[in-house]
Amino acid sequence: MVTDTAPTDLVGRGNRDGAQLFRDWFASLTETAEEGGQSAYVFVMGSLNEILTTFDLPVVFPEINSLQTAVRRVAHEYLAEAEDYGYSPDICGYVKADVALQLRGGDHPMGKIPKPSIAVLTNACNTYIKWAEIWERMYKIPVVTIDIPGTREADGQTWSGNADFENDRSYVEAQLRELIPVCEKVTGKRFDIDKLRVVLGHANEMSVGWKRVLDLNKSRPSLFNALTDGTIFLGVANGFRGMPEGSRYFRDLVEEMEYKAAHGIGTLTEEQYRLLFAGVPCYPIFRRFNEMFTDSGGTFINSTYLWFASGGTNRGFEYDLAKPIESLAEGLLISVRDAMDSMFHHDRVLADMIRDYHVDGIIYHPIKSCRTVSTGLADGRRYLAKTHDVPSLFIESDMMDRRVVSEAQMKNRIDAFFEGLASRRRQATNS
Amino acid sequence: MNNRVFNEWRDVSLDEAMGACLDLTEDHTFPTVARWRDLGGKVVGHFQVYFPEEIVHAAGMLPVKMRGGPVEPTRAEAHFGSYLCSIIKTALEGALSGAIKLDLFVSHPICDAARNLAAIWGRNFDHPCQILYLPQNPNSAHSATYLRGEYDRMRRVVEEVAGRRIEDDDLRRSIAVFNENRRLMRELYDIKRESPWLVRAEEAYALVAVGGMIPREEHNDLLQFVLPQLRARTTKEEDRIRVVFEGGFCEQPPLDMIRMLGRSCYVVDDDLLIGLRWILEDVPTEGDPLLNLARAYIDGSSYSPVQHDLRKPKEKMLLERVAAARADAVIVAAAKMCEPGLEEQVCYTYALDERDIPYFVTEFEENMTSFEHLELQVETFLENLLFA
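Chains as they are written, first to last, in numbering that gives the first Met the number 0: chain A, 0 to 430; chain B, 0 to 387.
So that you can see chain A by itself, here it is in the shape it has in the complex (with noise of 0.2 angstroms):
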């Protein structure tokens, strides 16, 4: 749908208007904590924002908090300090810059970050379990594991109807009945189903959105760079996941992204090649990681990140306002399980972003921090490249820690790789 609104005013407005958002989400925690408020600590996948915001807990993302000090260029102060009280240099550097975030009483670049009253969790990811572990023994606050069950193999995904789907939604549903008295307790708040109704509705809103957002940058040239605009997205997203801001916003991301595929406006000047981005952004480094690609005409399309870090918010879940707590068991489980497949069969999920992108490469960044998302990404690309012609680079680094960080090196490889892709086209144009 293309509007008249003018596109001096539509063009960028996502990126303005989500920072400003992020902003203003960054001063309302700074008050809570200035207040001595309550706050929920959770994480992108599975944040339990849709319970939690019923209860009117602000949410706070401590895996928000720590890539910000990375990319505001202190996350080293951080981890130092977190090294210094014991934590190896060999550990995720989120959960190192939160510890030091803790033991500085909430002191952040962008803020204050309120204690925890209460933290919700998934099995999403397992440092998410020891990190909040780390929180129930410094605070004594109610810890809740919601604990979801993923893919068991390769395409072996169930569904509704299969008795071992069943077996696993109910599993879920059973724990966020048992997540509602702990919140009441917590809150002293009694649990209002029209209200969970309502923020049900805003987080639908959303996941179309976004839905429609990633599907968007099919086209040519591609509307948004996944790796810089889309986390902005992404904080978004997450942040504000079931409340009315959020869902506006992602219908005005809809409006501008639309807008610009009428009328043929992307990020690059010239786009020359669309990339795929498999793993964690290099945050240490954030804007000139991504220029040492956009330099030579390459931009990222797509990502795995933009599906496991939104908790599966791609798939574009709409929970059933009718039956809310069965609904939200059964999104829950189908969402978090997709943003596990993205990480863990991202073969997968690369190969039916290849079909329908028109991809040139693909950039696999494993990180020291994160070996769940790491782990299997060299596996992957060798399995992805017996079935797919796609040319792929392999770079490590951390989306934390500058010390594994070697930029010069990074551009030597990035640099050559697309001499690669170059000499490629020739060749395939000459034949």
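Derived from the structure by calculation, the hints contain no laboratory data. Note that CB positions come from ideal geometry on N, CA and C, so glycine has one too. One should not assume that every hint holds.
[Stated by the list, open to error] Coverage of chain B stretches by chain A, computed from C-beta distances (three or more under 8 angstroms per stretch; other residues unrestricted): (1) 74-88; (2) 106-113; (3) 130-144.
Position chain B against the provided structure of chain A, taking the given hints into account.
For chain B alone, coordinates are given in the frame of chain A:
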């Protein structure tokens, strides 16, 4: 006809039997598994930590614990990036090299690295590669019901591979065999705690480890032969520090490292191969066998850094282990690049500090071959305690 796969300990002295167990533990060509296959048997490999082996046993197949080993992962290395523990590579190496042939591989989402394994194996082998989703929320009132359903799913997977049905009575018979096995391993650990001078650290380790490579009936025979003879040993008690070793729940330290520790102190308890000793009490043989197994996993089990249970804070569990073993000190170990193990080291050391319990922190890797430096450090630590 002799259908046994491990005969080397029979009709020999205790020391020779122990030697056979140590040899088998260090033999990463899996000779007993090969013999089982030569006899026409099928094999299910299960990755660390815990797996309900009774389900495989009830189908007449051999459950084998995939615990890696000190081998060079020359083939597996190309399938992984950096910053990863060794066991996930060496376990795959065993299969890629053909040292072990499986009919089914099962892994568990115990950690961020291992939960990738089923997908990696599935891309490289034709046999089924599955994840068994053990509950990470054992505090949910619904977790046993869920796990019963998950075990039933695994029963169907195993039935398909075995080509036969698994009846409840088959499971009950298997549970009885494993109950006896667990009782015997508890007895072995009683000896370690009560009179550690009667069994060397590496001997106790090997006696448990071979259980993951042979039919459990044979393992029961072996333990029934060995345990009375261990108690009858006339070795004298020495003035040594009593130590708990913590950190061997998944990747295993090399046998030489365990041997080295055993030379320096009495290792009176540990979490080595804890998955084989996970269930602490007999599983009922009456009623629904899968539900009984599920309840035992949730309510009657040990602990490890990769199971979250609000009832079992790890530092509390370690302190209980130390107290029960009347240990003087703890070796707080972790496999290199093992995230759960490294994270747990922090809470362990703070808890031990609070109680003034001495500890020694170290990291290990299954491919380590030189222990001089570590031995010097451990001996210095222990001497400080001995002569304090």
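Against the structure, the hints come out as follows:
1. Counting residues of the segment 74-88 of chain B whose beta carbon lies closer than 8 angstroms to any beta carbon of chain A gives 8, which meets the minimum of three for the stated coverage.
2. Counting residues of the segment 106-113 of chain B whose CB lies closer than 8 angstroms to any CB of chain A gives 5, so the stated coverage by that chain holds, three being the minimum.
3. Note: the segment 130-144 of chain B has 12 residues with beta-carbon separation from chain A under 8 angstroms; the three-residue rule is met and the coverage holds.
No hint from the list above goes unmet by this structure.
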